[in-house]
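With the hints as constraints, model all of the structure from the sequences given.
Each residue of the sequence shown is one higher than the last, beginning at 207 in this note's numbering.
Just so you know, not all the hints are guaranteed correct.
[Claimed, not checked] Each computed DSSO-like pair below joins lysine-lysine, with the alpha-carbon atoms no more than 30 Å apart:
1) K273 to K244
2) K414 to K389
3) K367 to K273
4) K414 to K315
5) K346 to K253
6) K294 to K389
7) K273 to K294
8) K416 to K389
9) K280 to K244
10) K416 to K367
11) K315 to K244
12) K367 to K253
13) K315 to K367
14) K294 to K414
[Stated by the list, open to error] Simulated restraints, written as ranges between beta carbons of each label pair:
15) A240 to V427: 19 to 25 Å
16) E251 to H310: 37 to 43 Å
17) Y317 to K346: 39 to 45 Å
Hints were generated in silico from the structure; no laboratory data involved.
The beta carbon of each residue, even a glycine, is placed where N, CA and C say it ideally should be.
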Amino acid sequence: MKVKTIVFTGIFVILFSVIAYSGYQVYLIQHNNADEAKNHDRLMEYKPELSSAGEGGDLTAPKVNQKIVDLQAKYPDAVGWITVPNTKIDYPFAQATDNDFYLHRDLDKQYLFAGTVFMDYRNSRDFSDFNTVLFGHHMKSRSMFGDLQKFNDQAFFDANKTGTVFLADKTYTIEFFAFIVLKPTDAVIYDPTIANPMDEAAFLAHAKDKARFYRDIGVTVDDRVVTLSTCNYEFENARMVLLGRLREAN
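If you want it as structure tokens, here you go:
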């Protein structure tokens, strides 16, 4: 009887521990999602807007995005704002002196599990590089860059072709052309220092070759590319990226 009691007690302790641990993990996920949502709502006052003008109601961009000017006045590390229609991607993004600082910090530089969308520290803040890389977490709520997962579907990729980047003095349309699932060690896609036509051509050829979905929009070495990156869970340590060409908005 004593042996059975000990066995049952051990099983009970194990089951209780598993349930308690699982409950704590659920709490953490909900807590982190709530913190991210609260932080996002707080920052929405800085989101710039495209305005309609003219008889056709075409969207136009102001010469100066005052909301970004105000954002940078409060948060000097802030670079701009990115938004992708039909997703939750609608965030300011920052740049630090390395790619770790904003992994788990908000723009106030306080701890936030979801962190801040950030630009590779080697990129120029004005998007003058051939390949500008932006990183964001893949949150369970699909916030931050989690909705890049939507582009892992041919129909969604085909139907959703553009996004927008707002800087203080410019607004860019992003014309998406490739979705790739890859390893973080991909030295081509994750290279923001590409600076000669030969390497730029190699980048574009590599992107087309590795793409799960690709749209031929005529990207050339004379264009500039933005690479949006987050985690993917198809294999260990996987990443997914969405590549787009930058076009200055009217």
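*Just pull the numbers of the violated hints for me, sorted ascending.*
4, 13, 15, 16 and 17
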